[in-house]
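Protein chains in written order, with the working numbering: chain D, 1 to 384; chain W, 385 to 538.
Certain hints may be false.
[As the list claims (entries may be wrong)] Selected chain W positions facing chain D (Cβ under 10 Å, derived; list incomplete):
#: 1; residue: P397
#: 2; residue: A399
#: 3; residue: V442
#: 4; residue: F448
#: 5; residue: L451
#: 6; residue: V455
#: 7; residue: L478
#: 8; residue: A479
[To be verified] Now the in silico label distances, taken between C-beta atoms and shown as ranges:
#: 9; chain 1: W; residue 1: Q460; chain 2: D; residue 2: P133; range: 40 to 46 Å
#: 10; chain 1: D; residue 1: R182; chain 2: W; residue 2: L410; range: 32 to 38 Å
#: 11; chain 1: D; residue 1: R299; chain 2: W; residue 2: T395; range: 46 to 52 Å
#: 12; chain 1: W; residue 1: F443; chain 2: D; residue 2: H151; range: 26 to 32 Å
#: 13; chain 1: D; residue 1: E384; chain 2: W; residue 2: Q508; range: 19 to 25 Å
#: 14; chain 1: D; residue 1: R272; chain 2: W; residue 2: S404; range: 46 to 52 Å
#: 15; chain 1: W; residue 1: Q460; chain 2: D; residue 2: R205; range: 38 to 44 Å
#: 16; chain 1: W; residue 1: T462; chain 2: D; residue 2: K76; range: 51 to 57 Å
#: 17; chain 1: D; residue 1: N269; chain 2: W; residue 2: I511; range: 31 to 37 Å
#: 18; chain 1: D; residue 1: S98; chain 2: W; residue 2: Q508; range: 53 to 59 Å
#: 19; chain 1: D; residue 1: G316; chain 2: W; residue 2: E533; range: 20 to 26 Å
#: 20; chain 1: D; residue 1: E384; chain 2: W; residue 2: T462; range: 50 to 56 Å
#: 21; chain 1: W; residue 1: L402; chain 2: D; residue 2: Q30; range: 41 to 47 Å
#: 22; chain 1: W; residue 1: C433; chain 2: D; residue 2: P133; range: 48 to 54 Å
Calculated directly from the structure, the hints in this document are not laboratory data. Bear in mind the structure is a predicted one, so any value in this text is a computation, not a measurement. No residue lacks a Cβ here, since even glycine has one placed at the ideal position from N, Cα and C.
Residues per chain are reported as follows:
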Amino acid sequence: MPNRVAIIGVGCTPAQPTTPYLSFKELMFQEAERAYLDAGIEASEVESFVTCAEDLNEGLSIFDEYTPDQLGAVQKPMHTLTQDGLHGIADAVMQIQSGLVELVVVEAHSKASNILTPEWILDYAVDPVWNRPLGFNPHAIAGLEMNVFLHETGITPDQCAHVTAKNRTNALRNPLAAYPARTAPGDVADSPYAFYPLRETEMARTADGCVVVVLASDDRARAGKSQPVWVRGVGFANDSSTLESRDWIRAEYCRVAAQMAYRQAGIHNPGRDIHLFEVDDTYAYKELQHLVALGLYSRPGDAGRAVASGVTKPNGETPVNVSGGALGMGLTLEATGLYRVAELVAQLRKQAGARQLPHAKVALAQSWRGVPTTSGAVVVLSSE
Amino acid sequence: MKTPKNTETRTWPGAIPLESLYTAGLGGQVFFKALKERGEIVGTRCASCKQVYVPARVFCERCFAELSEQVTVRPQGTLVSFTFSNFNRDAQPLARPQALALVRLDEASTVLLHYLLKVTDPTQVSIGAQVKMVIKPKAKRTGSILDIEGFVLA
Chain D
1 MPNRVAIIGV GCTPAQPTTP YLSFKELMFQ EAERAYLDAG IEASEVESFV
51 TCAEDLNEGL SIFDEYTPDQ LGAVQKPMHT LTQDGLHGIA DAVMQIQSGL
101 VELVVVEAHS KASNILTPEW ILDYAVDPVW NRPLGFNPHA IAGLEMNVFL
151 HETGITPDQC AHVTAKNRTN ALRNPLAAYP ARTAPGDVAD SPYAFYPLRE
201 TEMARTADGC VVVVLASDDR ARAGKSQPVW VRGVGFANDS STLESRDWIR
251 AEYCRVAAQM AYRQAGIHNP GRDIHLFEVD DTYAYKELQH LVALGLYSRP
301 GDAGRAVASG VTKPNGETPV NVSGGALGMG LTLEATGLYR VAELVAQLRK
351 QAGARQLPHA KVALAQSWRG VPTTSGAVVV LSSE
Chain W
385 MKTPKNTETR TWPGAIPLES LYTAGLGGQV FFKALKERGE IVGTRCASCK
435 QVYVPARVFC ERCFAELSEQ VTVRPQGTLV SFTFSNFNRD AQPLARPQAL
485 ALVRLDEAST VLLHYLLKVT DPTQVSIGAQ VKMVIKPKAK RTGSILDIEG
535 FVLA
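If we strip away everything but chain D, and leave its shape as in the complex, we get:
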């Protein structure tokens, strides 16, 4: 990738089921302070800000107007993306690579515990003419997708249960996780269906939290005091938004985003060249679908066999969601992708404590915007 860009600072709150004492502005302020300290910079040095948020999730119209004050972004260039935080990383990288600025901050947060009617927000995202009149819970879209994905790939419900078991168990080693639990695949198989064949335990529960990331140009990163983690590639893409004509089996948005990032990073064999993956697991089967789209398996069914045989556990060949993923850490709305990045930065800096992987040098984060969308992003990071 020309004009190298680095992550030089991260601040993130532990993800929590609820954050009753802090307003979203206070959460942002706290993590901005932490990120700027980590980066060894003052807020006044930051040249541009990107926040990622959705109005209806915030309960505020034109929410971008509410984000500058608590980041130090007043009277500075800033804008908001209605996307996951990984899109914000891509945005910041482009601003720096273009030579426009040298120091950019990306922020995303979740006050999911304040959203009293989350299903109605999702319902309002469903096509109003063709689909919404049916009056269904939008998570049913994931039930439909899981059913045909398993049918076409031969991946089994039991293999999907291994995803939940692995990620929630991984979260036990992560002090930032909201939903750690020692979980066996059998515990998942015994839990009730929510949207057949999707079980309640296979759906990530929402959590509150905030992540602030500081990105810098090559010169700026090398001149600073913090330990930089290099951005090797970024990619983002959508499939069709239309339920009638999208790809229901393959996560094409993820495949295209990965190809874009791999081109920049010079990655030809992701299974060999990348040592650690943090991917979207909003629903357990999604982790497997995304790993297939990332090009890890020549046959899709191998994704199911890999999780069941422990290949994607922290001590396996291809560790996936060592942090606990969204199933273990909690689904933090637009901040979900940035929690994946925070884990990779901790791992690549060798600061991941009890869950530190010994040999990880190149790592990948991937996000999906949730039902009913087909929007995804990929970021490849390295310690060198």
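Assemble chain W onto chain D, guided by the hints.
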């Protein structure tokens, strides 16, 4: 500032009476008129990539062509996927799960999402099954996707 000693936290409730209109569009008009007046399912075919879009639409998302060739397709097809939803739109548990189907009509390239009727349990259904569309009687049709009652196993 310190965290307050008492455990009570203040929150304010908020709600807005949000209402909108949605334009069905040229493609939607064609589809709903045919459905309401004739009980027919109309799509459009792309001359360049041969995709048949149901419901009818005026542009091809694959080759970005304008679509003008209308086709009437038979109300029968194959079950591409199904789910049984145990929760309603308000996240409340349902006493009887709602069955939804994703169906590829025989002459269409796209799928249609609708109710799967007369089934109560996943064991009664399998992907790949043949299904028939049930359309409401003319007197009850209003020009809506709900003029279709759903699909039944053939």
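These are the hints, each one checked on the structure:
{"no.": "1", "hint": "P397", "in the structure": "holds (8 Å)"}
{"no.": "2", "hint": "A399", "in the structure": "holds (9 Å)"}
{"no.": "3", "hint": "V442", "in the structure": "violated (13 Å)"}
{"no.": "4", "hint": "F448", "in the structure": "violated (13 Å)"}
{"no.": "5", "hint": "L451", "in the structure": "violated (12 Å)"}
{"no.": "6", "hint": "V455", "in the structure": "violated (15 Å)"}
{"no.": "7", "hint": "L478", "in the structure": "holds (9 Å)"}
{"no.": "8", "hint": "A479", "in the structure": "violated (14 Å)"}
{"no.": "9", "hint": "Q460/W x P133/D: 40 to 46 Å", "in the structure": "violated (22 Å)"}
{"no.": "10", "hint": "R182/D x L410/W: 32 to 38 Å", "in the structure": "violated (57 Å)"}
{"no.": "11", "hint": "R299/D x T395/W: 46 to 52 Å", "in the structure": "holds (50 Å)"}
{"no.": "12", "hint": "F443/W x H151/D: 26 to 32 Å", "in the structure": "holds (31 Å)"}
{"no.": "13", "hint": "E384/D x Q508/W: 19 to 25 Å", "in the structure": "violated (57 Å)"}
{"no.": "14", "hint": "R272/D x S404/W: 46 to 52 Å", "in the structure": "holds (50 Å)"}
{"no.": "15", "hint": "Q460/W x R205/D: 38 to 44 Å", "in the structure": "holds (41 Å)"}
{"no.": "16", "hint": "T462/W x K76/D: 51 to 57 Å", "in the structure": "holds (56 Å)"}
{"no.": "17", "hint": "N269/D x I511/W: 31 to 37 Å", "in the structure": "holds (33 Å)"}
{"no.": "18", "hint": "S98/D x Q508/W: 53 to 59 Å", "in the structure": "holds (58 Å)"}
{"no.": "19", "hint": "G316/D x E533/W: 20 to 26 Å", "in the structure": "violated (49 Å)"}
{"no.": "20", "hint": "E384/D x T462/W: 50 to 56 Å", "in the structure": "holds (51 Å)"}
{"no.": "21", "hint": "L402/W x Q30/D: 41 to 47 Å", "in the structure": "violated (32 Å)"}
{"no.": "22", "hint": "C433/W x P133/D: 48 to 54 Å", "in the structure": "violated (29 Å)"}
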